[in-house]
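Going down the list, the protein sequences come from chains A and B.
With the working numbering applied, the first sequence covers 38 to 209.
With the working numbering applied, the second sequence covers 3 to 628.
If you're looking for bench data, these hints aren't it; they were derived computationally from the structure.
Beta carbons: idealized from backbone N, C-alpha and C, even for Gly.
Mixed in with the good hints there might be a few duds.
The calculated lysine-lysine pairs, modelled on DSSO-like cross-linking and capped at a C-alpha distance of 30 angstroms, are [as the list claims (entries may be wrong)]:
1. K415(B) with K140(A)
2. K190(A) with K205(A)
3. K535(B) with K143(A)
For each label pair, taking beta carbons as the anchor points, the in silico distance ranges come out as [to be verified]:
4. I47(A) with K395(B): 46 to 52 angstroms
5. I50(A) with F392(B): 20 to 26 angstroms
6. I87(B) with K199(A): 41 to 47 angstroms
7. K40(B) with I52(A): 50 to 56 angstroms
8. I47(A) with C18(B): 54 to 60 angstroms
9. I52(A) with L450(B): 25 to 31 angstroms
10. K115(B) with S49(A): 52 to 58 angstroms
11. K77(A) with I397(B): 52 to 58 angstroms
12. I50(A) with I87(B): 42 to 48 angstroms
13. S49(A) with P391(B): 43 to 49 angstroms
14. K77(A) with I87(B): 48 to 54 angstroms
Chain by chain, the residues:
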Amino acid sequence: MKNKLLPIFITSIFIIVFIFFYRGLQNTNIYIPEIKINNKIPSFKGNLFDSNEVTNSSNLFNTDKFYLLNIWSSWCVPCRKEHVLLMNLRKNKKLEVIGINYKDTKINAENFLAELGNPYKKIIFDKEGINAIEWGAYGVPESFLIKDGIIIKRYIGPLNKKLTKEIKSIIK
Amino acid sequence: MFYSSIGHYSLILGLCISLILIYFSVKNFKNSTILNTKILSFTFLQFFLVVISFICLIISFVLSDFSNETVFNNSHTTKPLFYKIAGTWGNHEGSLLLWLLVLTLFIFIFFLKTKNQPLKYKLLTLIFQQIIIIGFFLFLIETSNPFNYIYPMPEEGMGLNPILQDPALAIHPPILYLGYVGSSIIFSSALAATYLNIVSNVWASHIKKWIVVSWVFLTLGILLGSIWAYYELGWGGFWFWDPVENVSLMPWLALTTLLHCILVLEKKQVLTSWVIILSISTFTLSMCGTFLVRSGILNSVHTFANDPERGLFILVFLFSLICVSLFIFFFFHKSSQNNLNSFFWLSKETSIIINNWFMMYFLSVVLIGTIYPIFLDVLSSQKISVGPPFYHKLIIPFLIPFLIAMAIGPKLKWIKSNIVDKVYLILLLIISIVLSFLIVKKFDFNLLLNTILVSSALYLFFITLREFFIKKYSNISQNIAHFGFSLLILSILFNNLFSSEIITNLKVGETFTSSKTKIVFKSINQKKEKNYKSIIANFSIENLDGIIDNLSPELRIYNQPNIVTSEADIKTTLLSDKFIVINIVQNQDYFNVRYQVKPFMLWIWLSVILISFGGLISFFKKEYEK
């Protein structure tokens, strides 16, 4: 009897440990950004990529068009795949794509755009990553769909074909 | 492109060979007579393929082939060649490839060197080892392939994290892995031996060599990591109880215990259950460590990427290995007739059992301290980290009897013993207590505990020292290792008791004066290197006795990636280290200066080298003591 209890006991301990580790894996996100959809866009100041001028958030989203704010970086591998889709979205007249260039160097970013094309109407050069924090971004890439100063949709991670279809259908 | 493809396909071929090997072994398990050379050549081929794949990755790094994702993420054209090569294993994918390399290397050497063991046992060890190897092949190819393409090819890489650009860290992973992963062969062979029921003194003396080898490498690997943390991280310490340090310490504790148990098994055919459980747990703890630091479940310096998919893979793999080993242990292990009760209370066996229980206690303290935050997080979403006070409070009191047992234990004989030269033992104990009382009294804090602690360490020190002169080198390896350990504990204690620290803010030209030291911030220089710019601050430090030291800590601003690191300047002498580090304070024209005097730092490193040297001697020695 004693001989049978021990294996069962030990096995059940290991099963419990397994469950805890498994659950632990699910919530590894240490910091959960606050921004939610259907909220107003945060107001912020940023440097424009080309001219280095300081600009205000209200100047960037001032028309009644849809805006797609895309946080990207030349060192971000998924951004490369996503970039093609952004180039495609850019053709849509009801949409403007705004970029936040996250923790990057100008030369690398310029090379990146020269290589893959520039889908952005305007780019904010966010060297310290401060603007991305203001937007509550998880990381790069991340995109926000905006209309009339309200965040309609948020896409964490790279966009794919399915998501761009969704964006197009929202814009219609 | 070219090398990446070769690397990738040789990995896949390596996986196929695993399958072939398992197929052959299982098929011929019943009548295995002719397979020996065939299997040897297949294991060699597998090792060779992994070597090719590893070399391909190195070449990709050297050539800065940024079409390879791993190279792109971890290298840069301006990086010095040495770090381009070292960068190969300074990242998740590359280090896993190194892991696989060590796995295949060990099974190959195992087959090459194991001659007098039953063929069935060898085949079964091979099967278990190949199961582990297959697991890692799949893990590598599926979730962390080091040969992923990026298209179009980026022009420049991301650079290697500057804190990893350090010589100690370049050799730390390979050395550590030889110990860490080397324990896999002990695991496989213990399972095979249990299954065939041949856990005996013959098996013990055969596997002992492997245990010693893994142990020596693991010890040195931990040492290198610790040296790196001391010189590079600039926190002024050598051990922080960081999860990543703990996960290397846990297998070490298990392996050290195993090393002692295997001696008993070799001599007396007892403690078989201990040996099997420890063999299993050493490798499981290594795997568990890999899981904890690679899955991102804990935050540490070794968290390369938070990818839950990777974590899940290792987790499932880890627990399947545990299940298999538990199954084999419970169903095939027949415990030996002469059990623990037959031990005489005063004998070498008893002292080793005592050692085991102490080690298990230390192990569980470290284990609980490391994984408790995960449990708490799951149960209550609270984020905590367990710091040094927890470990110190729980470990230090038990260190005292442990040290004394360590001093007396090796003097006992097998089976039944009397304590010889009692006079000496008592005399040395009194000398140690008096001496440590005098030392600690000068710095009157926590007199009682520190006196006892120092005296128990001194006691071990004196006894092992005396042993060098009276015993005619019959068991020199053990004595060197124990002597090294006493030296280690003493150095750590003195290091903690007598270190002093000054933290202040200084501008160039200013002077800080305290009762004992005078720090003058003389000047500042700038220097430009290939991959970083540096700001060098020159200090001169004058002590009470009028000795002036010139120290120049650095701030390095790396260009790729853009990171500022503090390089401490450390002046090492035989008795103490002088350690100074500066930090930028944002928007201020002064620097934050931290100056520390740390006694006996050098001795901490030396004593660990001594400990592993002891192990090394026992590896080359033919016979253990009679």
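Distance restraint hint 48 to 54 angstroms, applied to the beta-carbon atoms of K77(A) and I87(B): With a Cβ separation near 52 angstroms, K77(A) and I87(B) satisfy 48 to 54 angstroms, so the hint holds.
query: Given a hinted range of 42 to 48 angstroms, is it respected by the beta-carbon distance of I50(A) and I87(B)?
result: holds (44 angstroms)
Pairwise beta carbon distance, I47(A) to C18(B), judged against the given window 54 to 60 angstroms:
violated (36 angstroms)
Regarding I87(B) and K199(A), is the given constraint of 41 to 47 angstroms on their beta-carbon distance met?
-> holds (42 angstroms)
30 angstroms Cα cutoff - pair K535(B), K143(A) = holds (19 angstroms)
Quiz prompt | Outcome for the supplied range 50 to 56 angstroms, where the beta carbon pair is K40(B) and I52(A) | solution = Once the Cβ atoms are compared, 40 angstroms apart, the range 50 to 56 angstroms for I52(A) and K40(B) is violated.
Is the straight-line distance between the alpha-carbon of K415(B) and that of K140(A) 30 angstroms or less? violated (66 angstroms)
Original post:
In this structure, is the beta-carbon distance linking I47(A) and K395(B) contained in 46 to 52 angstroms?
Top reply: Violated: the Cβ-Cβ distance is about 29 angstroms, outside 46 to 52 angstroms.
query: Are K115(B) and S49(A) spaced within 52 to 58 angstroms by their CB atoms?
result: violated (40 angstroms)
Whether the CB-CB distance between S49(A) and P391(B) falls inside 43 to 49 angstroms
violated (33 angstroms)
Q. Holds or violated: are the alpha carbons of K190(A) and K205(A) at most 30 angstroms from each other?
A. Given pair K190(A), K205(A) holds - Cα atoms ~12 angstroms apart, limit 30 angstroms.
- Query: Can the suggested window of 25 to 31 angstroms be confirmed for the beta-carbon pair I52(A) and L450(B)?
  - Reply: violated (45 angstroms)
The structure fails to meet hints 1, 4, 7, 8, 9, 10 and 13 from the earlier list, while all remaining hints are met.
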